[in-house]
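Trainee: Sequence:
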Amino acid sequence: MKGRLTTHVLDVACACPAAGLAVELFRVMEDGRKQSAARAVTGADGRLERPLLAGEAMRSGFYEIVFFPGDYYRGKGGALAEAVFFDRVSVSLRIADPEEDLHIPLLIAPGGYSVYRGKGIENGRGPFVAPSVVGIGF
Numbered sequence: 001m002k003g004r005l006t007t008h009v010l011d012v013a014c015a016c017p018a019a020g021l022a023v024e025l026f027r028v029m030e031d032g033r034k035q036s037a038a039r040a041v042t043g044a045d046g047r048l049e050r051p052l053l054a055g056e057a058m059r060s061g062f063y064e065i066v067f068f069p070g071d072y073y074r075g076k077g078g079a080l081a082e083a084v085f086f087d088r089v090s091v092s093l094r095i096a097d098p099e100e101d102l103h104i105p106l107l108i109a110p111g112g113y114s115v116y117r118g119k120g121i122e123n124g125r126g127p128f129v130a131p132s133v134v135g136i137g138f
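Under our numbering, the very last position in the sequence shown is 138; numbers go up by exactly one each time.
Just so you know, these hints were derived from the structure itself, not from any lab.
Backbone N, C-alpha and C define an ideal beta-carbon position, used for all residues, glycine too.
Treat the hints with care, since some could be wrong.
[Stated by the list, open to error] DEER-style ranges, computed between Cβ atoms:
(1) Val41 / Ser92: 38 to 44 Å
(2) Gly78 / Val41: 36 to 42 Å
(3) Ala79 / Ser36: 32 to 38 Å
(4) Arg94 / Arg50: 32 to 38 Å
(5) Glu82 / Ala19: 16 to 22 Å
[To be verified] In the EDC-like style, the derived pairs of lysine to aspartate or glutamate whose C-alpha atoms are separated by at most 20 Å in a straight line are:
(6) Lys34 / Glu24
(7) Lys119 / Glu30
(8) Lys119 / Asp101
(9) Lys2 / Glu100
(10) Lys2 / Glu99
(11) Lys2 / Asp101
(12) Lys34 / Glu49
(13) Lys76 / Glu99
(14) Lys119 / Glu64
(15) Lys2 / Glu49
(16) Lys119 / Asp45
Kindly produce the complete structure, drawing on both the sequences and the hints.
Mentor: Have a look at this one:
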């Protein structure tokens with residue numbers, strides 16, 4: 001059975017899921033070219049409706065996930081929109097085992113972000129696991 005690549009985005013500025021945030025996945029070819037593999041927008045819970053990769057599309061190789069927090073905050077308007085510093089967040093990763101479920105959570109604020117490899121509830125292995133974080137300045 002093939003694994004899956006999933007993500008979700010949490011907005012720490014409002015302590016809520018980042019609903020309506022655009023996400024794009026690229027497969028990075030050996031010559032460095034990028035091939036679009038998926039595009040989606042987060043739902044009300046900050047998650048995508050379906051995995052970025054699953055089944056036969058889940059192959060070993062190098063990938064880049066691009067998140068668009070600048071557009072997200074500009075859509076909200078107000079002080080948060082004016083405070084945006086990181087317009088896009090690009091996460092480069094390597095899938096070594098296409099049978100593995102991979103989950104990439106992103107925490108955002110207008111002036112910062114944190115991303116890590118986690119485990120999602122949807123992969124059947126239990127609850128979301130996050131690294132210990134004492135404090136992150138946003």
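Trainee: Starting from Lys119, check that the Cα of Asp101 is at most 20 Å away, please.
Mentor: Holds: Lys119 and Asp101 sit about 8 Å apart, inside 20 Å.
Trainee: Straight-line Cα separation of Lys119 and Glu64 no greater than 20 Å?
Mentor: Holds, at about 19 Å.
Trainee: With respect to the beta-carbon atoms only, verify the hint that Glu82 and Ala19 lie 16 to 22 Å apart.
Mentor: holds (20 Å)
Trainee: Measure nothing beyond the straight line between the CA atoms of Lys34 and Glu24; if it is 20 Å or shorter, mark the hint as holding.
Mentor: holds (11 Å)
Trainee: Is 32 to 38 Å a correct range for the gap between the Cβ atoms of Ala79 and Ser36?
Mentor: Holds, at about 33 Å.
Trainee: Mind checking the alpha carbons of Lys119 and Glu30 for me, to see if they're no more than 20 Å apart?
Mentor: violated (28 Å)
Trainee: Check whether the Cα positions of Lys2 and Asp101 lie no farther apart than 20 Å.
Mentor: Satisfied, since the Cα-Cα distance of roughly 8 Å is no more than 20 Å.
Trainee: Falls inside 38 to 44 Å, the C-beta gap from Val41 to Ser92?
Mentor: violated (22 Å)
Trainee: Please verify whether Lys2 and Glu99 have alpha carbons no more than 20 Å apart.
Mentor: holds (4 Å)
Trainee: Is the Cα-Cα distance between Lys2 and Glu49 20 Å or less?
Mentor: holds (18 Å)
Trainee: So if I understand the rule, the pair passes when the alpha-carbon distance is 20 Å or less; does Lys2 with Glu100 pass?
Mentor: holds (7 Å)
Trainee: Check the hint pairing Lys76 with Glu99 against an upper bound of 20 Å on the C-alpha distance.
Mentor: violated (38 Å)
This entry does not satisfy hints 1, 2, 4, 7, 12, 13, going by the numbered hints stated previously.
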